[in-house]
Amino acid sequence: MRRSIMIVAFCAISFITNAQQESQFSQNMYNHMTVNPAFAGIRGNWAISGIYRNSWQKMEGAPETYAFSVDAPVKIRNVEGGAGLTLLSDKWGMVTNLRMMVNYAYMCTLNFGVLNVGARIGMVSTKIDGEYYIPGGEGFTSPGDDPALNSSRADLSKIMFDAGIGVFLSADKYYAGISLEHLPKPEMNIGMSGKMFWKRNLFLTGGYTFALSPAVDVQPSGFVKTDFSDWQYSVNAHVVFKKTYWGGLAYRDKEAVAFLGGLELKNGILVGYSYDLNIASGVSSHLGGSHEVSLTYCFGLKMGKKEKIYKSVRFL
Numbered sequence: 001m002r003r004s005i006m007i008v009a010f011c012a013i014s015f016i017t018n019a020q021q022e023s024q025f026s027q028n029m030y031n032h033m034t035v036n037p038a039f040a041g042i043r044g045n046w047a048i049s050g051i052y053r054n055s056w057q058k059m060e061g062a063p064e065t066y067a068f069s070v071d072a073p074v075k076i077r078n079v080e081g082g083a084g085l086t087l088l089s090d091k092w093g094m095v096t097n098l099r100m101m102v103n104y105a106y107m108c109t110l111n112f113g114v115l116n117v118g119a120r121i122g123m124v125s126t127k128i129d130g131e132y133y134i135p136g137g138e139g140f141t142s143p144g145d146d147p148a149l150n151s152s153r154a155d156l157s158k159i160m161f162d163a164g165i166g167v168f169l170s171a172d173k174y175y176a177g178i179s180l181e182h183l184p185k186p187e188m189n190i191g192m193s194g195k196m197f198w199k200r201n202l203f204l205t206g207g208y209t210f211a212l213s214p215a216v217d218v219q220p221s222g223f224v225k226t227d228f229s230d231w232q233y234s235v236n237a238h239v240v241f242k243k244t245y246w247g248g249l250a251y252r253d254k255e256a257v258a259f260l261g262g263l264e265l266k267n268g269i270l271v272g273y274s275y276d277l278n279i280a281s282g283v284s285s286h287l288g289g290s291h292e293v294s295l296t297y298c299f300g301l302k303m304g305k306k307e308k309i310y311k312s313v314r315f316l
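Counting from 1, position 137 in the sequence shown corresponds to residue 137 in the working numbering; the numbering is continuous, with no gaps.
Just so you know, these hints were derived from the structure itself, not from any lab.
Just so it is clear, the structure is predicted and the values come from calculations on it, not from any experiment.
One or more of the hints may lead you astray.
[Stated by the list, open to error] What follows is a list of derived Cβ distance ranges for each label pair:
hint, residue 1, residue 2, range
1, G288, Y245, 25 to 35 Å
2, S213, I76, 39 to 49 Å
3, A280, L85, 27 to 37 Å
4, V102, S213, 16 to 26 Å
5, L183, G288, 43 to 53 Å
6, I165, L98, 28 to 38 Å
7, L202, I121, 38 to 48 Å
8, V216, K158, 22 to 32 Å
9, L202, Y245, 28 to 38 Å
10, F259, K58, 35 to 45 Å
11, L98, L249, 40 to 50 Å
12, S213, S157, 48 to 58 Å
13, G130, G288, 16 to 26 Å
14, V293, G122, 19 to 29 Å
Glycine included, every Cβ here is placed at the ideal spot set by N, Cα and C.
My request is simple: use the sequences and hints to build the entire structure.
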């Protein structure tokens, strides 16, 4: 007999069994703090960043994501490093996740760049709230008779401990990072026998800057995430004019093509926007596109201090 089918299961199954468990972003090059604690303090000044993403415009209950981070360089006695706070809110159908993490990174200056090694601890709160959807017809178990549900309505929540680690290498023209999230694999019970848990996720990122002329740079970069059973990658390239205006394209494997653009203001503010055109086979016309807006403000870099590798609030 087929088991009960519910909206939350449809979302959570893809959420749990593949790399889509993690929040999706197109502007990954401006969102390092969300996925890698080693990025804390690497810009050499105070930085406040936020991203809002509204996915799949045609789908009811589609993902809506907010990410916020603040970080700064810190020096404890003679040890250089960085510290920061990251907040992530992700709502998908009946599931709402809130993650709050405290980050610290140890900084080591090498001949070929700056190497940060970081860690984070905090909590993830998961809430499942709504009515289960059961298809009509014979052969479907009612929610009350299904031990994985035990009710026709979900009203569950749990706060769980979470942690992650990462390494980030930055230089004048390139960067590379690797991080591992959800080390304790937080989990919660659903009904009498169901479980929802966070798999460990690995993130890889890297980018390079090519100077075509004094006024024009090209910045290709890549981003990979995996839960070790499924992989997803995205590649993109930006053209930057006079270190101020930029535009480019990104491709996310079998899912979307993104159009990106933005500008950096002289007062330390970086504004970015992207639109995802969904190309997923068979469902693109039903999902619609996705909008994403990013805003970063950097401040507190004093003129008398030793020159940092990066003079701009833009990372590269």
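Here is how each hint holds up against the structure:
1. G288 with Y245: 25 to 35 Å: The hint (25 to 35 Å, Cβ to Cβ) holds, given that G288 and Y245 are roughly 28 Å apart.
2. S213 with I76: 39 to 49 Å: The hinted range 39 to 49 Å holds for S213 and I76, with Cβ atoms some 42 Å apart.
3. A280 with L85: 27 to 37 Å: holds (34 Å)
4. V102 with S213: 16 to 26 Å: Given range 16 to 26 Å: violated, Cβ gap about 43 Å.
5. L183 with G288: 43 to 53 Å: violated (35 Å)
6. I165 with L98: 28 to 38 Å: 21 Å Cβ-Cβ, so the 28 to 38 Å window is violated.
7. L202 with I121: 38 to 48 Å: violated (18 Å)
8. V216 with K158: 22 to 32 Å: Violated: the Cβ-Cβ distance is about 51 Å, outside 22 to 32 Å.
9. L202 with Y245: 28 to 38 Å: holds (34 Å)
10. F259 with K58: 35 to 45 Å: violated (18 Å)
11. L98 with L249: 40 to 50 Å: violated (32 Å)
12. S213 with S157: 48 to 58 Å: holds (55 Å)
13. G130 with G288: 16 to 26 Å: holds (22 Å)
14. V293 with G122: 19 to 29 Å: Because 25 Å falls inside the window, the suggested range holds.
In summary, the structure is inconsistent with hints 4, 5, 6, 7, 8, 10 and 11 from the numbered list given earlier, while agreeing with the others.
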